Amino acid sequence: MSKKLTRRSFLKGSVAAACATCAAQMPLPASAKAKSGKELATLIDVRKCIGCEACVDACREANDFKYPQPQKPFPKMYPSRVKVADWSDEEGREVRDRLTPYNWLSIQWATVEIDGEETELSFPRRCMHCQNPPCADLCPWGAARKLENGITLIHSDICLGGKKCQVVCPWDIPQRQTGVGLYLDILPSLAGNGVMYKCDRCYNRIAEGEMPACIEECPEDVQVIGPREEIVAEAHRLAKEEDVYIYGETENGGTNTLYVSPVPFETLNAAIDKGPGQPHFDKVADQMAHTDNLAKAMVVAPFAGLAAAVARIYNASKKAGDDRGGAA
Amino acid sequence: MTPVQAPPAHAEQKYLKPFYWVLLFVMGLTGFGQMPIFKRYYIADIPGLGWLADFYTTHYLHYIGAILLFGLFAYAVAVYWGLLRPRYQLTWAAHVRMGLLAAIAITGVFRVLKNLPDVLFSPGFTMAIDILHLVFMMVLMLFGVLFIVLKKGWLVER
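Taken in order, these protein sequences are the chains called A and B. Counted from 1, the first sequence has number 94 at position 94 by this note's numbering; the numbering is strictly sequential. Counted from 1, the second sequence has number 58 at position 58 by this note's numbering; the numbering is strictly sequential.
Next comes chain A alone, as it looks inside the complex:
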């Protein structure tokens, strides 16, 4: 039986072969290393992506040891509305067209019109690594947190799988696997439901001075990584000189993943499949802005209380003085 060689499968095969020759891991260039306390960001140039999924393969290979190994059968959970999220069978593990606990990066496709010509664009999607991540701020357990270098990380040995991080994430990024993690040792039937998984931007590789796997293995240099201000400056330069659009600079107050696209992101957003595990390109307001402002009000509140107390004491003293005067 002849198997039709598609552009996609050809590219995948070629890239896999090319990558196999690159046995040595590529070090993080000095220019990409953040100065102390500086956040690293990535810039994804949609124009360069050929959809070969080398980044997907690289991500899966590099992070395979972090993937969940759930215990089965799963504990019976109460009440019955609590559903099992299981991607651990062979079929589930092979899913690549959306984010799952076993697929932290996926390729999205969009057919758009550029200069009157129908064009197919592809681009990698994963965690945006927000500068002020709601998942880390609102995690009730401290399992999700942000690192100094701008990575948002979920600790799989701490997470209870309550899925709050996914609910508060503007892009619904973290994905749950039941039957794994700390909840099994606490109250598996009554609280928790596994562990949430998402891209950790290869924090372990970056800590050792290496590049994230998806960046290292990309044959088209779709992604670059560097200090955020430099990445933002580069995105602005491209926008000015090459007429591209930027996403991620201000979304949710700013993210450490920026995209540049030849078409507006509204157009791109309208053309992609969206849904569970398939993030959108909508405009996103800063989800934590209101609470940041309320935090400032907390500093003022005690002074307001003191002012009210002074007024109370003054009025009581005045009344006591009037009463004494009246009595005299």
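The set of hints was computed from the structure by calculation and includes no laboratory data. Keep in mind the model is a prediction, meaning the values are calculated, not measured. You may find that some hints are simply not true.
[What the hints assert, rightly or not] Within a straight-line C-alpha distance of at most 27 angstroms, the following computed DSSO-like cross-link-like pairs (lysine-lysine) qualify: (1) B:K114 to A:K283; (2) B:K14 to B:K152; (3) A:K296 to B:K114; (4) B:K114 to A:K38; (5) B:K14 to A:K76; (6) B:K39 to A:K72; (7) B:K152 to B:K17.
Put chain B on the given structure of chain A with help from the hints.
Quick look at chain B alone, frame taken from chain A:
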């Protein structure tokens, strides 16, 4: 010198006490709402309580409650020391309550700091803050029930 005669704490009893109880209830409710339990256990399905499953709403309300609570603490401390102290003294139950409220407030402040952009704590410290904040609140609730049974208020006349 004639000691100043402190007025009775009628205003505090009439207005602040109910306000404090309502505030504490809302803080407890929105605090527990930070955990994904109200939807799981159908509480958010009760008509009018759907907002308990909205993590952003409960988070805003918890912050607003904390602002009011900080104002109330400052008011109560200043009025006691500046006005009511000659007439009243704090009960041992009040000292227990104040200690627990201070512990809740301090751990809460650290949690608020952690939520600010560019403020990073270690996972161990963050988890310790979260757990202690919850534990202190639950201990305060237990002592609250105990003090109601024992009829132990905040102040007694000297």
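How the hints compare with the structure:
Our distance criterion of 27 angstroms between C-alpha atoms is met by B:K114 and A:K283, whose separation comes to about 26 angstroms. The suggested pairing of B:K14 with B:K152 holds, with an alpha-carbon distance near 17 angstroms, which does not exceed 27 angstroms. A hinted pair counts as satisfied when its Cα atoms are at most 27 angstroms apart, and A:K296 with B:K114 qualifies at roughly 13 angstroms. For the hint linking B:K114 to A:K38, the alpha-carbon distance of about 18 angstroms falls within 27 angstroms, and the restraint holds.
Under the criterion of a C-alpha separation no larger than 27 angstroms, the hint pairing B:K14 with A:K76 is inconsistent with the structure, at around 50 angstroms. Annotation: proposed proximity of B:K39 to A:K72 holds, straight-line Cα distance about 26 angstroms (limit 27 angstroms). Under the criterion of a C-alpha separation no larger than 27 angstroms, the hint pairing B:K152 with B:K17 is consistent with the structure, at around 14 angstroms.
Comparing the model with each earlier hint shows a violation of hint 5 alone; every other hint is respected.
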